[in-house]
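Read top to bottom, the protein sequences are chains A and B. Numbers 194 to 549, taken from our numbering, label the letters of the first sequence in order. Numbers 87 to 393, taken from our numbering, label the letters of the second sequence in order.
Since the hints were made in silico from the structure, they are not lab data. As the structure is a prediction and not an experimental result, all values here were calculated from the model. Possibly wrong hints are sitting among the right ones.
Unchecked claim - Partial list, derived from the structure: chain B residues whose beta carbon lies under 10 Å from chain A: (1) THR207; (2) ALA348; (3) SER359; (4) TYR363; (5) ARG387; (6) PRO388.
The beta carbon of each residue, even a glycine, is placed where N, CA and C say it ideally should be.
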Amino acid sequence: MKFKSVLSGVLLAFGFGTVAFAADVKVGFVYVGPVGDYGWTYEHNEGRLAVEEHFGDRVETIYQESVAYGADAERVINTMAMQGADLIFTTSFGYMDPTLSAAKKFPNVKFEHATGFKLADNVSTYSGRFYEGRAIQGHIAGKMTKTNKIGYIGSYPIPEVVRGINSAYLHAKKVNPDVEFNIIWIYTWFDPAKEADAAKALIDQGADVILQHTDSTAPQAAAQQAGNVISFGQASDMADYKPFPRVSSIIDDWAPYYIARTQAVLDGTWESTATWDGIGPGMVSIGEITDAVPADVKAEALAMRDAIADGSYHPFTGPIKKQDGSDWLAAGETADDGTLLGMKFYVEGITGKIPE
Amino acid sequence: MVIFGIDLVLLISALMISATPVLLAAVGEAVVEKSGVLNLGVEGMMITGAVIGFIFAVNTQIPIYGFICAAIAGALLSVLFAVLTQYIMSNQVATGLGLTMVGLGLSALIGKPYEGIKSPTLSKIEIPILSDIPILGPMIFSHDAIVYFSVILVATVAYVINRTHVGLVLRAVGENQEAAHALGYKVVRIRFLAIMFGGAAAGIGGAYISLARVPQWTEGMTAGAGWIALAIVVFASWKPWRVLLGAYLFGGITVLQLNLQAIGVAIPVEILSMSPYLVTIVVLVGISLFGHHTAPGSLARPFHASQ
């Protein structure tokens, strides 16, 4: 029975091997764009790398880039769950329903959906209060524009993007009553060619500030080519375009959250939660404001950042009217999270309609 | 020249840039189809040109080297198609589709380290005297070299096809391969060269996206431009100058819809976004219903000298 003992020896070794090398927890990440977008997905991947570094061999991570919305997303999420992932982060709004549907099929797997609003026993949501950063951008944009035209590249007309437009507009308008927002919707998070075309069209229309809510650096490149246009890094610092055209940025810092949630799974204390953190807790931060911004404007912007961080200022503080002229917030009143999360209206002064 | 809040000078200048990739690919494909070959791999050759052009431009910091290498890469990829369809007699439609898939996959693989990198860009060349003409100058005569090149290429192709012996032979091969063969023309060799020309043109078109229009590399960045180029060849009834018209029309609608959105015209965004494709479909249907059927007689038919 020599053969049998060899076989069992091999099996034993193999078994020990897997025990010795297997991580305690496997974490999956689903990305909407490539890691090399140097925007949204890049920062999520930085968060993943931080998890790997923090936990070392105890945690294994897997990821999939450029996952299309719809059936593709569900297939990728299911595959990750079947590969033994214990915790899966789905990092784009459009993964909401695929995540919930996969969560039903795999009740023992924990899911975390970024920027969504649907919860389940094993599905949490998390997002940053990016509108806080937009307020600071709006302030700088309103002060710096010479043509009084600010171009805004929107991805999809969802509350998160609309909120950003409103926040930026309110704060630009506050310091520059003549300011005007031109908004282009391109219906994608990541398509450098479309983003570049949209930026060029806005610049051709006279905009000298480009705000983007899309993931690539193509609008930065378009601003740089135009020469006299400023831009802001979106989701990531986009530091390659410093100090001009990129004069500041909103940086998403997911690492602490990803580490905390992975720790919760390791400890068995994971619970379904809805997290929405801003500049204060550090999920959103403001990238370096370069010297292309006048010193006084920079000081005001930094003061606003600090006021938002310590809670003394809320970017949506009344009086604010809706676009149709009806009252939204009375003087001194601040917006509640429910309204902000479902925001489907422009504030007074923005022209154009939100596509249905 | 501002009409409805849109500056016509800027609009036309922008549409020429926007149309150039499609124009280059389409004029190359027109030559291929004139020789009687249908190469559906335009998208694959464009994306290969985009990535190769980007890699060489970044490493040498000289954009024009990027374009030259993109042309070579596009032509080399098309050789694969030419060998398969002309010598091994594989099905042209299936091989062309395969070429697109190969190009998309291969470019994503070799382009991975180049994502998020900046490339050197082409400088504008203001043509002396002509660029000083009011309105027309800034509109047409202050572009980068590739925009001029694309127009010159169209003119050259139109001249060669319609006015020269070489063009006559090319058309003969495309219209009636047996007759051309009987006259002693090397059908396969001529088609082989036409396919390579198409590949090179598509490669330059792709590189224009990654080096001038965006300028960045990301996988899948041609985003269907190759298919639009194929549609434009049919739209143009295989005539080079009409290819130019078709490409500029398509580019024009693309740029116009963005400008209309930017100034806040009250047309639903969804309709504006799909308008370039919608117009292309409508025109194609119109041509097949009412137009003269001018497709080359031997288009997509296999040829072997023994037949």
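Hints, verified against the model:
1. Taken as an interface hint, THR207/B checks out: its beta carbon lies about 7 Å from the nearest beta carbon of chain A, inside 10 Å.
2. Using the Cβ-Cβ criterion of 10 Å, the hint placing ALA348/B at the interface with chain A is satisfied: the shortest such distance is roughly 4 Å.
3. Annotation: interface hint on SER359/B holds; nearest CB of chain A at approximately 6 Å, less than 10 Å.
4. Restraint check, TYR363/B versus chain A: the minimum CB separation of about 13 Å is more than 10 Å; hint violated.
5. Using the Cβ-Cβ criterion of 10 Å, the hint placing ARG387/B at the interface with chain A is not satisfied: the shortest such distance is roughly 35 Å.
6. The closest approach between the C-beta of PRO388/B and any C-beta of chain A is roughly 36 Å, which is over the 10 Å cut-off, so the hint fails.
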